[in-house]
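Novice: If you read the sequences in order, they're chains A and B.
Here the numbering used here is used: the first residue of the first sequence is 1, the next is one more, and so on.
Here the numbering used here is used: the first residue of the second sequence is 1, the next is one more, and so on.
Cβ-Cβ distance ranges computed for the label pairs, FRET-style: (1) B/E20 with A/G9: 28 to 34 Å; (2) B/Y42 with A/G9: 26 to 32 Å; (3) A/A104 with B/E43: 53 to 59 Å; (4) A/A21 with B/Y37: 51 to 57 Å; (5) B/K14 with A/K47: 18 to 24 Å; (6) A/Q38 with B/S63: 43 to 49 Å; (7) B/K14 with A/A21: 43 to 49 Å; (8) B/G67 with A/E58: 17 to 23 Å.
Derived by calculation from the structure, the hints in this document are not laboratory data.
Only a predicted model underlies this, so the values are computations on that prediction, with no experimental measurement involved.
Each residue gets a CB set at the ideal place from its N, CA and C atoms; glycine is no exception.
Here's the letter readout for the chains.
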Amino acid sequence: MPKNVFVQGAIPPEKISNSIAKHQSKTSIGGHSIFLGQVRADDVDGKTVVAIEYTAYEEMAEKELGKIREKAFSKYDLTCAHIYHSLGTVKAGELCFFVFTSSAHRKAAREANRFLVDEIKEKVPIFGKEIFEDESHQWKVNQ
Amino acid sequence: MTLTIKYFGLIAEKTGTKEEIITLDGEGWNLEDIKEYFFSKYELSDNQSLQIAVNQSLGPSGSLKDGDEIAFLPPFAGG
Numbered sequence: 001m002p003k004n005v006f007v008q009g010a011i012p013p014e015k016i017s018n019s020i021a022k023h024q025s026k027t028s029i030g031g032h033s034i035f036l037g038q039v040r041a042d043d044v045d046g047k048t049v050v051a052i053e054y055t056a057y058e059e060m061a062e063k064e065l066g067k068i069r070e071k072a073f074s075k076y077d078l079t080c081a082h083i084y085h086s087l088g089t090v091k092a093g094e095l096c097f098f099v100f101t102s103s104a105h106r107k108a109a110r111e112a113n114r115f116l117v118d119e120i121k122e123k124v125p126i127f128g129k130e131i132f133e134d135e136s137h138q139w140k141v142n143q
Numbered sequence: 001m002t003l004t005i006k007y008f009g010l011i012a013e014k015t016g017t018k019e020e021i022i023t024l025d026g027e028g029w030n031l032e033d034i035k036e037y038f039f040s041k042y043e044l045s046d047n048q049s050l051q052i053a054v055n056q057s058l059g060p061s062g063s064l065k066d067g068d069e070i071a072f073l074p075p076f077a078g079g
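Kindly produce the complete structure, drawing on both the sequences and the hints.
Specialist: What follows is the structure, encoded as structure tokens:
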């Protein structure tokens with residue numbers, strides 16, 4: 001089971017460098033793949049998104065993340081995989097999603113990373129309220 | 001039988017609540033009955049791309065049992 005996927009607020013860039021550093025003792029790894037999701041200041045009818053407020057159906061999200069992780073490990077020759085997603089408010093320009101896969105070789109690390117990102121976006125019940133500068137909002141829908 | 005109903009995101013905004021517990025007379029209620037009841041109560045519709053999970057899983061239908069947790073979910077927006 002993935003532990004502590006959800007992070008309150010933005011994911012600090014230091015978390016990425018710390019995660020990389022932690023893998024230096026795992027010398028069977030030959031390649032990492034990292035995906036970072038960042039909140040975009042979308043323009044909607046003349047208004048700009050300044051932040052996204054994330055919520056999740058956490059009990060279901062944990063179950064789904066567990067299934068997706070298991071599938072990734074059975075499909076690809078992974079050494080490890082780490083997933084973090086924000087809850088609460090994340091300002092435009094800040095990081096909200098961090099997927100880190102490692103393998104002996106680049107191909108598995110890259111493909112598994114893509115698989116995890118796509119599956120999580122599609123199947124994990126996370127909701128995003130896009131907040132505009134005038135404090136109005138709209139609900140984000142994944143493309 | 002008693003059911004816990006949960007609402008998220010856009011749906012919670014429409015219902016004005018995140019959770020409610022309902023008690024129904026007798027057994028044999030199915031998901032369609034519940035959907036119909038709450039769609040009409042909160043003026044929800046299928047064109048809102050709403051999905052319904054029973055006990056944290058999508059897709060099941062048919063009869064419900066005492067203690068089930070039903071969640072009304074708007075489109076997912078992770079990432």
